[in-house]
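> Between the sequences and the hints, there should be enough to build the whole structure, so can you do that?
Protein chains: 4
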Amino acid sequence: MLEQETFGLLGGDSRQAALAASLVQDGHSVFAWGLEGLPAAPGVQNASPEDVVTRASSILLPLPVSKDGRRLNAPFAAGGLPELDGAFWQSLRGKTVFGGQLSRVKTPCPAGLAAHDYAAREEFAVRNACLTAEGAVEIALRESERAIAGSACLVAGYGRIGRALAQLLRAMGARVTASARKPRDIAWIEANGCRAVQTSRVGSGEEPYDLVFNTIPAPVFTRTVLARLKTGCIVIDLASLPGGVDFSAAKDLGLKAVQALSLPGKTAPESAAEIIKQTVYTILEEEKR
Amino acid sequence: MLEQETFGLLGGDSRQAALAASLVQDGHSVFAWGLEGLPAAPGVQNASPEDVVTRASSILLPLPVSKDGRRLNAPFAAGGLPELDGAFWQSLRGKTVFGGQLSRVKTPCPAGLAAHDYAAREEFAVRNACLTAEGAVEIALRESERAIAGSACLVAGYGRIGRALAQLLRAMGARVTASARKPRDIAWIEANGCRAVQTSRVGSGEEPYDLVFNTIPAPVFTRTVLARLKTGCIVIDLASLPGGVDFSAAKDLGLKAVQALSLPGKTAPESAAEIIKQTVYTILEEEKR
Amino acid sequence: MLEQETFGLLGGDSRQAALAASLVQDGHSVFAWGLEGLPAAPGVQNASPEDVVTRASSILLPLPVSKDGRRLNAPFAAGGLPELDGAFWQSLRGKTVFGGQLSRVKTPCPAGLAAHDYAAREEFAVRNACLTAEGAVEIALRESERAIAGSACLVAGYGRIGRALAQLLRAMGARVTASARKPRDIAWIEANGCRAVQTSRVGSGEEPYDLVFNTIPAPVFTRTVLARLKTGCIVIDLASLPGGVDFSAAKDLGLKAVQALSLPGKTAPESAAEIIKQTVYTILEEEKR
Amino acid sequence: MLEQETFGLLGGDSRQAALAASLVQDGHSVFAWGLEGLPAAPGVQNASPEDVVTRASSILLPLPVSKDGRRLNAPFAAGGLPELDGAFWQSLRGKTVFGGQLSRVKTPCPAGLAAHDYAAREEFAVRNACLTAEGAVEIALRESERAIAGSACLVAGYGRIGRALAQLLRAMGARVTASARKPRDIAWIEANGCRAVQTSRVGSGEEPYDLVFNTIPAPVFTRTVLARLKTGCIVIDLASLPGGVDFSAAKDLGLKAVQALSLPGKTAPESAAEIIKQTVYTILEEEKR
Chain R
4 MLEQETFGLL GGDSRQAALA ASLVQDGHSV FAWGLEGLPA APGVQNASPE DVVTRASSIL
64 LPLPVSKDGR RLNAPFAAGG LPELDGAFWQ SLRGKTVFGG QLSRVKTPCP AGLAAHDYAA
124 REEFAVRNAC LTAEGAVEIA LRESERAIAG SACLVAGYGR IGRALAQLLR AMGARVTASA
184 RKPRDIAWIE ANGCRAVQTS RVGSGEEPYD LVFNTIPAPV FTRTVLARLK TGCIVIDLAS
244 LPGGVDFSAA KDLGLKAVQA LSLPGKTAPE SAAEIIKQTV YTILEEEKR
Chain V
4 MLEQETFGLL GGDSRQAALA ASLVQDGHSV FAWGLEGLPA APGVQNASPE DVVTRASSIL
64 LPLPVSKDGR RLNAPFAAGG LPELDGAFWQ SLRGKTVFGG QLSRVKTPCP AGLAAHDYAA
124 REEFAVRNAC LTAEGAVEIA LRESERAIAG SACLVAGYGR IGRALAQLLR AMGARVTASA
184 RKPRDIAWIE ANGCRAVQTS RVGSGEEPYD LVFNTIPAPV FTRTVLARLK TGCIVIDLAS
244 LPGGVDFSAA KDLGLKAVQA LSLPGKTAPE SAAEIIKQTV YTILEEEKR
Chain B
4 MLEQETFGLL GGDSRQAALA ASLVQDGHSV FAWGLEGLPA APGVQNASPE DVVTRASSIL
64 LPLPVSKDGR RLNAPFAAGG LPELDGAFWQ SLRGKTVFGG QLSRVKTPCP AGLAAHDYAA
124 REEFAVRNAC LTAEGAVEIA LRESERAIAG SACLVAGYGR IGRALAQLLR AMGARVTASA
184 RKPRDIAWIE ANGCRAVQTS RVGSGEEPYD LVFNTIPAPV FTRTVLARLK TGCIVIDLAS
244 LPGGVDFSAA KDLGLKAVQA LSLPGKTAPE SAAEIIKQTV YTILEEEKR
Chain P
4 MLEQETFGLL GGDSRQAALA ASLVQDGHSV FAWGLEGLPA APGVQNASPE DVVTRASSIL
64 LPLPVSKDGR RLNAPFAAGG LPELDGAFWQ SLRGKTVFGG QLSRVKTPCP AGLAAHDYAA
124 REEFAVRNAC LTAEGAVEIA LRESERAIAG SACLVAGYGR IGRALAQLLR AMGARVTASA
184 RKPRDIAWIE ANGCRAVQTS RVGSGEEPYD LVFNTIPAPV FTRTVLARLK TGCIVIDLAS
244 LPGGVDFSAA KDLGLKAVQA LSLPGKTAPE SAAEIIKQTV YTILEEEKR
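Which chain is which? The protein sequence lines are R, V, B and P, in order.
Just so we're on the same page, my numbering is the position in the first sequence counted from 1, plus 3.
Just so we're on the same page, my numbering is the position in the second sequence counted from 1, plus 3.
Just so we're on the same page, my numbering is the position in the third sequence counted from 1, plus 3.
Just so we're on the same page, my numbering is the position in the fourth sequence counted from 1, plus 3.
Heads up, a few of these hints could be off.
Each pair may be met inside one copy or between any two copies, as identical chains are not told apart.
Only pairs whose alpha carbons sit at most 25 Å apart, straight line, appear in this in silico DSS-like list of lysine-lysine [claimed, not checked]:
1. K291 / K185
2. K98 / K291
3. K185 / K280
4. K259 / K233
5. K233 / K269
Read the hints as simulated data drawn from the structure, not as lab findings.
Structural data, given as structure tokens:
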């Protein structure tokens, strides 16, 4: 476990609030700004952005650090949103800074400043994929009138999320087909006990699917492909915007299609916070060596 | 597959409506009364109770057939609810009758009439337990801010539902403890890869649970036992009424407790209908031999 | 854990030797007769049958206690085998006696004597079934030139061993079909993710099997049924003698058929001893209450 | 399925013989040299090396193509072993050549010749890892007196084989710890339901292991590390020669250590042949496009 430390949190949503609470439970001092619209967590001390920065040695920015590339992502802040400009970054000089998807910011953090993108670490991405897969299952259970056990599912794409999701659905008793392009992924799909299909051939001749999950950020589920799906099939798009599903075509065809955004922050904020914390701890320990 | 048959459905909810639709898809003629408040299913012919009985050779009553023991369970019926009295049963003479939990009715179906309780068949109970387990997972995912993967779960009771639920949670990556009284169930719990605890000792010295599922229809989760659970633990009661959890004590203790009723009819009506249909088909085939 | 106790072991094979060693490791005093032909276990004191009985308060007889119904099962004894007659049982008066399959003995243990058949306890049977399933897998791996992952397996019979074996093979990546007669077992087979077939129809129209495991102690795999299996299929008979496979027909048909006897004592003697110990401990604790 | 083709096999062992048989079953013409010491497979035509090359359009060399880097790997050949020199490669000009681990050969195949190393393809490596994992389990079952279910296992290294093996052991009911160096592999280990340990810390403070599997081709299990393992622990080395276990130290310490070589060709030659065939087919189809 990490030694006692003072953390300052700026912005974020319920995931960031859960992160604050979890850091307090580990015995750290925690100052926060921007969570005013959420229930107060015991032990977290609210402060102005300036005070947060002054008092803390490690600054934790949210995931994503910004939605528009210019201002801090802080939907529950009481006041106006700080600009992520040169002055902002300068104010963090001397601190260890952590944020998620820092590359989204138009004025990048200057080279001299020690800013760590926890979301870019692969161990974070792996754990996040597992939580995302469970969030996708939650959506499927909510939307569907059928059980997952015994259903026929397609997982399009076999990256981290596709892999975690295919395994989870299979463990829950579904018959899972996963799609990929590369022979090596096809081999892993089969090694993991699923049926494999070439992504380019999805919907041509396999078993009719009850549930389709897309993880590919490219227009895979076009009108043509959607038209091959059976009536009553539910399509859940997990790919980041603009996604991979033609929602307008889905509507025309009478298919229920769901854009699943902000997973897992929305479905499991505590666990999502936990893996940010784990990654931040790992980076802090690596820094000390 | 069963030969073409004429089914008459009386009463029920969305599960019964899904049953009607599924029978039509299998090529049967289906007459129904009592589903007027639900979206019409293509191919299902609405009729008066008398017409339904006259035209059909097999009559399908809902699960449960009655909630108060006297009148048909038909919450979506346009008119008044038929009394399940001697005259009702006499009107079904000559038909093959199916219903769920027939023993709940105060005026029992007379001996001469061929009435089958599909819910009393063990193959139905097994399949229903699996769907119930998945419904319980849906509730847990909805209520919890944590992922099931990596969480510590307790399943109290190792009957059909307990067994199905423990397996499902474990497959989803939870650390599962299950409770039972008999040494043989303790042995099965361990053989299935879970930790075992005596039901009488629940909460004494095991790992703190994130999620507790009760399947025992007896006051197991008393104030004393609930007081041993950790803050933030969510308790889901799956036992039939009056259940096994002291909800008032849970409230006092600040624990989130949920009474999960009508599973799986509510969470997965189509699959729940499917297993009624399967059981009815099996019984009809056994009758013919 | 049980209080310090003095155990006396008579007869048995490497499983009984492993039991002696494990009891010593738990801190008990252990006297043994009949294991002279096996490597000596540290801490186990060899003695004459009379001395073993005199010194110990709990007497542990092997599983099975006798092979011919008349003499003790003691293949590694240096001297002649004790008769299990009235005098033998009388010599054990005042002791707590444990044995496996006591009902096989022609002169039964008199009513006044506290003899416990650990093998008749269901928790023992469950654990033994799991070990037997793993032993069956060991045999299959040894006999087959194909991997179990990706193979098509049949498990005939869905009792304890069938259930454990079907689960294990499925977990290892096989496509598993299991056979049963009762609708409720068919429901469990499907609930556990396997394909189900009526036992009376085995071999008619399913996928051709690579491996067939029989657990039914009745002539299921007759010449007619064996003739339906594909060339190269391996048949492993786990049913107790006389088994359920026509070995002579298998030979004529060019099928490799294996009679798997003495599982799990042969394949995993230490684990097999462990579950005897666990059961004996449970019984001793129940006695004290 | 591939169009009818003429294959020529040179050298190899029972895996190569199984490959020949499987190609015949798919309807291809097969000529072979070097399998004279093995049982003849129906439909495979034996020929001299020259004839094999003349008649076939695709030449299949074994895995590994050579053991000493100079001569063909052909332990069951009736005559002397062909040198893999310039003349040999020239004789294959105009053919599609396939071999396993071609880089082991001292005189490399000239650039103009279309030689494919099927063992270098990742889809082959994935499938081979799964078969190797099952072979490792076969060895563990054979060597151990304990069941895998309920045992504590360590898998050192989380490459393809480590991953497949950890999953398989876990599916069989073992408590599995896996070791890795990189944070991302640690994340995957935990995501896959196993405990993770840094490779550099193996044996320091974890649960005592019943079975240890090494997949790391480096001296990880030195005398110091081996001395930390518990008595009775079995160590299985899966790393290619010289392996990662100090066998002499293991012997001194009384640990059973096994060098598991030639997996899966030895434990599952038919499946091992099948994945060579699959890979060769994929390459031939890619060539045609």
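> Would you mind marking each hint as holding or not holding in the structure?
Taking the hints in turn, this is what the structure says about them:
For a Cα distance limit of 25 Å, the shortest separation of K291 from K185 across copies, 17 Å, qualifies, whereas the shortest one inside one copy, 40 Å, does not. Proximity of K98 to K291 under the C-alpha cut-off of 25 Å is restricted to the intra-copy arrangement: shortest distance 14 Å within a copy versus 59 Å between copies. In this assembly of identical chains, K185 and K280 lie within 25 Å of each other by CA distance solely across copies; the values are 18 Å between and 34 Å within a copy. In this assembly of identical chains, K259 and K233 lie within 25 Å of each other by CA distance solely inside one copy; the values are 11 Å within and 39 Å between copies.
Proximity of K233 to K269 under the C-alpha cut-off of 25 Å is restricted to the inter-copy arrangement: shortest distance 23 Å between copies versus 30 Å within a copy.
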